[in-house]
Amino acid sequence: MKVQLRKLAHARSGDKGDTANVGLIAFRDDLYPLLTREVTAARVKEHFKGICKGEVERFELPNLGALNFLLHESLGGGGTLSLMTDAQGKTFSTALLRMKIEVPDDEAKRLGL
Amino acid sequence: MRDKIRIAAGQGFWGDLPDAPVRQVEGGPIDYLMLDYLAEVTMSIMQKQKARDPSAGYARDFVPLMKQILPACVARNIRVTANAGGVNVEGCAAAVRDVAKELGLRGKLRIGIVTGDNIMDRLDDLLARGIELRNMDTAAPLATVRDRIQSANAYLGAAPIVEALNQGAQIVITGRATDTGLTLAPMIHEFGWGPDDWDSLAAGTIAGHIIECGAQCSGGNCQYEWQGIPDLANVGFPIAEASSDGTFVITKHDGTGGRVNVPSVKEQLVYEMGDPHGYITPDCVADFTTVHLVADGPDRVRVFGIKGKQATDTLKVSISYSAGYKAVGTLVYAWPDAYEKARAADQILRARLERLGLRFDQILTEFVGANATHGPLAGEPSPDLAEVQLRVGVRGDDRKAIERFTKEIAPLILTGPPSVTGFAGGRPKVEEIVAYWPALIPKSEIKSRVEVLDV
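The listed protein sequences derive, respectively, from chains V and D. Residue 1 in my numbering is what sits at position 15 of the first sequence, and the numbering runs on without skipping anything. All you need for my numbering is the position in the second sequence, starting with 1, plus 1163.
Hints are not guaranteed to be accurate.
[Said to hold, decoys possible] Derived lysine-lysine pairs resembling DSS-like cross-links, with alpha carbons at most 30 angstroms apart:
1) Lys1479(D) to Lys1606(D)
2) Lys95(V) to Lys39(V)
3) Lys39(V) to Lys1479(D)
4) Lys76(V) to Lys1230(D)
[As the list claims (entries may be wrong)] Computed far set for chain D versus chain V, every beta-carbon distance over 10 angstroms:
5) Gly1357
6) Asp1561
7) Asp1617
[Claimed, not checked] On the chain V side, residues computed to face chain D include the following (Cβ under 7 angstroms):
8) Arg(-2)
9) Asn7
10) Thr22
11) Val25
12) Ala27
13) Phe45
14) Leu50
15) Ala52
16) Thr66
17) Leu67
18) Thr71
19) Asp72
20) Ala73
21) Gln74
22) Ala94
Just so you know, these hints were derived from the structure itself, not from any lab. Heads up, the beta-carbon is just placed ideally off N, CA and C, and yes, glycines get one too.
Please model the entire structure based on the sequences and the hints provided.
Encoded structure:
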């Protein structure tokens, strides 16, 4: 079944220059391995097609059940140079939560999804 | 020496809730009040203010705030760390000293002044000696924008703030000190942590990171069960209850709104995070993959297990420079076909700008209500949208071209698609862009200075 990330995680995003960061935090520890497996840097790059013009880096924080993504070249130059409404990337968090991932039915059942 | 202190955050940025520091002082027991005023481009605003008025150039709101809370701070021995000094730390301290005298506090407190961060006057010397101050993001050398620089400051760490506290300063005022250093310094001062106690220094740094954005760790901007977060109108700003063993509890005053729980603290931990293994400050390199959180009662989260590494031999420098001009114009189109109308208006506007021969480095059109925040991820807008705001921004070096653009927005009301409104504010303003240039400098080049004045 397809599951949208907003059912699995919460997030916060911010900026460093023209790079947006999105921290994706699993609602429960047992959901973290699923996120780690499915929400890869490549999938996030594809998800943000037309928005993120640079590379996507991913870092794992198993201690927090969280993944941190860096989306380079995403903020129209960043800081005061950017003309974007969201020049600080604050809403990239919920933009990531729109992503849908494929979860095998037995796993979904085991996780109570 | 105490083995536990309470450090309260009172401002997440210059312009945060004005009453928050007062409520932190009056709302319950605290030992330190930490006030972070400086965002990345704040220094350039202050530099401009100082150019117009040599007595200006610092966070002016800090002075009336001190007038309001100093008597309570002195009576209860609450010490204050604040990077309110901007580009005129001495001026800020003098103003606070005047206020303290007015309050009859002569002889009752000392004010610490931390300077040495401002390298504006040394740039040519540094560049001449081969310190290129390359942009950390683009690798371009600073020489490419040398004639447009407006301010240049190194980020100082906790050490000079500790020195001021050690000399008995009740209030420590800095210029461009790191926000994390303002929280870490009281811990070093109270607990006697050594300069190579990397784990403790990293713990204090991460405590600083958690509380430096004010209520953003105590219920503000929190996605986790946000509808259930109580009484944000009365939101409690965070308090770090730090122990000498490098563990700490994030909490807030009893009776305040908002919420401190494991998810709210996690959200702030990942905010503006880069590589979590190496969060670099002047004081240490903190490892966010070692942070452990556990609930410790209502509105209390215990943080433990933090590891750190040796500090690097460079300091970050924050440089601001003029980078042209920009303006943003908006109009609102109503149902039906609001999005289609806004798009048509954009095309008309662009055709007129083209015919005028105006050249911009960038033109950006957004449709607020349809896809301004999530872009193509928002999908095709519904023809039934109640309204859409057309928002067009332009940027470039030619001020005249930007000014001409600002005259092309209002005419769209009478010369473009129908059912349009939202122009009560007049022509868009032309804004001078002050851009941010992050760079690194060898630590050996920066000598911080500490002075402690009696009131």
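For each hint, the structure was consulted:
1. Lys1479(D) to Lys1606(D): 9 angstroms, holds
2. Lys95(V) to Lys39(V): The hint is violated at about 37 angstroms.
3. Lys39(V) to Lys1479(D): With a Cα-Cα distance of about 26 angstroms, the restraint between Lys39(V) and Lys1479(D) holds, given a limit of 30 angstroms.
4. Lys76(V) to Lys1230(D): 35 angstroms, violated
5. Gly1357: 26 angstroms, holds
6. Asp1561: Non-interface label stands for Asp1561(D): nearest chain V Cβ at 16 angstroms, farther than 10 angstroms.
7. Asp1617: At about 41 angstroms from chain V, Asp1617(D) clears the 10 angstroms cut-off, so the statement holds.
8. Arg(-2): 4 angstroms, holds
9. Asn7: 5 angstroms, holds
10. Thr22: Hint violated; Thr22(V) Cβ to chain D Cβ min 13 angstroms, cut 7 angstroms.
11. Val25: 14 angstroms, violated
12. Ala27: 13 angstroms, violated
13. Phe45: 5 angstroms, holds
14. Leu50: 5 angstroms, holds
15. Ala52: Result: holds, 6 angstroms to nearest chain D Cβ.
16. Thr66: Given a least distance of 5 angstroms, the restraint on Thr66(V) holds.
17. Leu67: With Cβ-Cβ at 5 angstroms, under 7 angstroms, it holds.
18. Thr71: 5 angstroms, holds
19. Asp72: Where the cut-off is 7 angstroms and the nearest Cβ of chain D is about 5 angstroms from Asp72(V), the hint holds.
20. Ala73: 10 angstroms, violated
21. Gln74: Violated. Min distance 9 angstroms.
22. Ala94: 22 angstroms, violated
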